[in-house]
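Chain A is fixed; fit chain Z onto it per the hints.
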Amino acid sequence: MEILLLLSVFVIATCGLIYELVAGTLASYLLGDSVTQFSTIIGAYLFSMGIGAYLSRFFRKHLLSWFIQLEILVGLIGGISSALLFLLFEQAASFRIILYLLVGLTGVLVGLELPLLMNILKGRYVFRDLVSRVFTFDYIGALLASIVFPLLLVPYLGLIRTSCCFGMLNVVVAMLLCIKFRQEIKWARYLQIKSVAVILLLTGIFAWANKIMSFSEGLAYRDPVIFSHSSPYQRIVLTRSRTDLRLYLNGNLQFSSRDEYRYHEALVHPVMRYAPGHAHVLILGGGDGMAAREILKYRDVEQVTLVDLDPAMTRLFRENALLTKLNSNSLNSPKLKVINADAFQWLRQNHTRYDIAIVDFPDPGNFAVGKLYTTAFYRQLRHSLYNSSVMVIQATSPLVAPKAFWCVDATLYAAGYHTLPYHTYVPSFGEWGYVMASPEMLVPCRPWLPAGLRYFAPAVFPQMCMFTADMDKRKVQANHLNNQVLVQYFEDEWGKYQE
Amino acid sequence: MNGENTRSKQLTRKDFLRYMAVIAGATVTAAQYTACLYKKDKYAHIGGSIYGASAALGHRLRNGGFDTPQVTEHADVVIAGSGIAGLSAARVLQQHGVGNFKILELEPHTGGNAAYGQNAYSAYPLGAHYLPLPNLDNQPLLALLQEAGILTGFNEAGLPFYNETDLCFDPEERLFIHNRWQEGLVPQFGVSERSRSEIRRFFALAEQLRWQKGKDGLYAFDIPVNNSSKDPQYLQLDSISMQEYLRQQEFVSEELLWYLDYCCRDDYGAGLSIISAWAGLHYFASRKGRAANAESSQVLTWPQGNGRLVQHLQQFSKGKINTHCLVYKVTPKGNQVLVDYFEAATNQTKRIIAKHCILATPQFVTQRLLPAGSYDHDFTYSPWLVANITLDYLPEAHGLPLCWDNVIYKGRSLGYVNAQQQRLAQKAPAKQVITYYLPLDHLPPAASRQYALGLAHPHWVKLITDDLEQAHPGIHTLIKNIDVWVWGHGMIRPHTGFITGPARMAALESGYPHIFFAHSDLSGISVFEEAFYHGNRAAQAVLSAIA
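As given, the protein sequences belong to chains A and Z, one line each in that order.
Read the first sequence against our numbering and you will find it ends at 499, with the numbers running on by one and no gaps.
Read the second sequence against our numbering and you will find it ends at 547, with the numbers running on by one and no gaps.
So that you can see chain A by itself, here it is in the shape it has in the complex:
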């Protein structure tokens, strides 16, 4: 039966190190900067083990029962730790505190284990043998853990399942001890029931590990998710609170129903004022139909062609009653034609010309989307425009990302357009920028505006064209397919902003 106890040393050591590695890995996944995370986690963990070792002196009686009790507790806390951390990450205001609390608690419990066990075994061995055996098994266990963790556990099981497995292992040790020493220990029955319960809980977490991951993803949104769908192109998520409906694509906010009118009025009405013709309008992107809604307020618009990549988007904004109310059913208008295609590809084979183009793509956060903001793209677009046509491009925030914003302006200029950059304030987005562009000089030519606008008015436009020093023109390069500087500007500036 000493073997059983020594075996538990081995298991304890393996489990103990695994919890430490899980916490370190998880912290570097979620918080980044793996060197700092690992070293602080290891430090905190070892320190807590010291506290545990100190506390062990207060255990005088029923050592074996306490030890079993402890194993179950370690199994429970260690086992659920990574699931818990994943779930809490999105919610907790100070994730670090929870992380270190959990690491500390596990450390204290693990630190208690060995001294307690040595006290149990001390009557059964000569001291010298005892120390040598216990530590031998301890270090072998540590070696095993450090090898299997990166090679087998993380790649094949994942973090949540790994900690579940080792939690169960702790509890199994407890159970075995319970059975083996049932005459010697107190509360044997109670301990057994407890360990079965913990094993059941951990099995449950093991089975639901994938669900937990996606549930924790759902918590990234501040309001309840009312719709989510993964199309081949993106993840579409709608959230709803009492007063607000929000659309997220791949986690990025596209609009909030409270203030989207500001964004879309500023996107559409200036270009309508500057364009001499309104008959044929092209919208690239904008599958939510909000820009189309603004355009259809003009009676001289004869036809709107909306090219959006994702059929799932246009279908959603065409069919869902909540959303058609928001876009005034614009996507079902007889004047509007929806084409689900890749804008770049579509432009390459299009032969129709348009009076107006509204270019409303996602922000240039990756190299794929970045291609839609290049000189090559704007030159291609030129073939679908008349000399007098006017277009507008959403161009990210000139306040957060002035280089990215002015890069869009510089790119249009390099592609041979006259430009007119302007910006507006959209509370849910912040300060937002647009660039109007035309092959010819930009001159306002239409005083008339549709009735019922809530934000845009000719009188405010000069103000929108003024750039204060903090977002004024920067010296930047134009964005080409072969340099994609815009993606770098965008990442640098937004990355810094989010730090």
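Calculated directly from the structure, the hints in this document are not laboratory data.
Some clues are possibly wrong.
[Stated by the list, open to error] Label pairs and their in silico Cβ distance ranges:
{"#": "1", "chain 1": "Z", "residue 1": "A143", "chain 2": "A", "residue 2": "L151", "range": "54 to 62 Å"}
{"#": "2", "chain 1": "Z", "residue 1": "N155", "chain 2": "A", "residue 2": "P232", "range": "36 to 44 Å"}
{"#": "3", "chain 1": "A", "residue 1": "L143", "chain 2": "Z", "residue 2": "E193", "range": "32 to 40 Å"}
{"#": "4", "chain 1": "A", "residue 1": "L143", "chain 2": "Z", "residue 2": "R196", "range": "43 to 51 Å"}
{"#": "5", "chain 1": "Z", "residue 1": "A545", "chain 2": "A", "residue 2": "R348", "range": "44 to 52 Å"}
[What the hints assert, rightly or not] To be clear about the criterion: a stretch of chain A counts as covered by chain Z if any three or more of its residues have a C-beta under 8 Å from a C-beta of chain Z, and this derived list gives those stretches:
{"#": "6", "stretch": "373-384"}
{"#": "7", "stretch": "474-482"}
Every residue, glycine too, gets a C-beta built ideally from N, C-alpha and C.
Frame of chain A; chain Z shown alone:
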């Protein structure tokens, strides 16, 4: 163990060792079992075939035994070989009104090292896959690119504008080093400051050499090679290996030496110890190209690699290219040249009586065609493996996402190129196609050639997948297909002494008035520009002979 406590005797030292052994054994068994679980026929699902040069037909040249030609044809010019040199020669002839020519090609397709293939998901190169921005004094090449619509015009300063969709899209290059994909191929991530300063010193040296001219007023290193300075100060660099040169210059940084070795293997199919210092430096110092809308270091590339240029060039030879035809004998006879060839499709031997003949074939073939020709073994060819890999997608990893050129630091291969880099579409391709390059330089060329031709498909799959797994653990589950091309004589190898040696000098002229040689191996450097240059040179020689 003199225990007053008798219970401790229950665990003797022997027992203890036994338990230790059991634990160790159990651990190893468990680990192995798990490993086996994943290893058993790990790569069995990966399909594909082996392709390559038509070795069987080609080797008949060595073994001979052809009947006397049964059919006789006539042509003004016969061009043997439809690689870049042959096609370039044909273009010049056609443009100068010499339309009565014929191209004979051993392979079923044209293009030589610039040939390309295609599957359901993408076109892909079978060899050469990019063209660096041409030097501004390389007028013939600039004219070719303008003619092909790749060069669209010039700015006020005379710098060319290139078609934006033909310039390699960003992000261009990444290196997997210290478990991270860093930007660029020159090691930076986790590299010591000492190494970095050596790397800077090397590039400063290369930059200096780039603009240096010899006493003859020519650039020390230029493209084509024949335009480089003959100043002995520079030519003597050909008499030592690149490795020796770097030692003399006191470059010791591990990362720099790896990078330079990589570059030599990339361009010449052999490492620092074999390649001459002249050739090794030529790689860095010969390129002086600039553009109005690109950095000088950028390149032109296409999904099918230089197959794009082949497609343009072969328009000038429409209906004049006979593939699967092995030229086996070329005999000068008075003012004529008799070109005997074997047509595999009809299993017939034929003769063309031509006024002129351009042998756009490598020297190891050329010398076997001519009477009393003797192949000088100073012409050494590096064997290569090119594989096109079709996979679901490339798994994301730390650092930069998928680039055009992706290299693994100290990997066995030269890494892989994304054949779909020039896509404009937003949606990820249904399947990713990457082109994997491996110079077979672990053995001397002949032995390596033999080794490579004997290797079965599953072995190639294992070799390639194991290499990729270093940077992409688990990638084998995503790989669907690996098509393998073995090029026994992949490219000329500018080993120490070759560029300035007598063999190359002798081969520049055929020695017969109506026979002209055209091949990049005459430069000692296997790149598009050299093949193009030799094609033009041979065609010009034919034109002046006609005139």
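Against the structure, the hints:
Against the hinted window of 54 to 62 Å, the Cβ-Cβ separation of A143 of chain Z and L151 of chain A comes to about 58 Å, which satisfies the hint. The supplied range of 36 to 44 Å is met by N155 of chain Z and P232 of chain A, whose beta-carbon atoms lie about 41 Å from each other. Range check, L143 of chain A to E193 of chain Z: Cβ separation about 35 Å, and the 32 to 40 Å hint holds. Roughly 36 Å separates the CB atoms of L143 of chain A and R196 of chain Z, a value that falls outside the hinted 43 to 51 Å.
Between A545 of chain Z and R348 of chain A the CB atoms are about 46 Å apart, so this pair conforms to the stated range of 44 to 52 Å. As drawn, the stretch 373-384 of chain A meets chain Z at 4 residues by the rule of a beta-carbon pair under 8 Å; at three or more, the given contact holds. Only residues whose C-beta sits within less than 8 Å of a C-beta in chain Z count toward coverage, and the stretch 474-482 of chain A has 3 of them, enough to reach three; the restraint holds.
Hint violations for this structure: number 4 only, all remaining hints satisfied.
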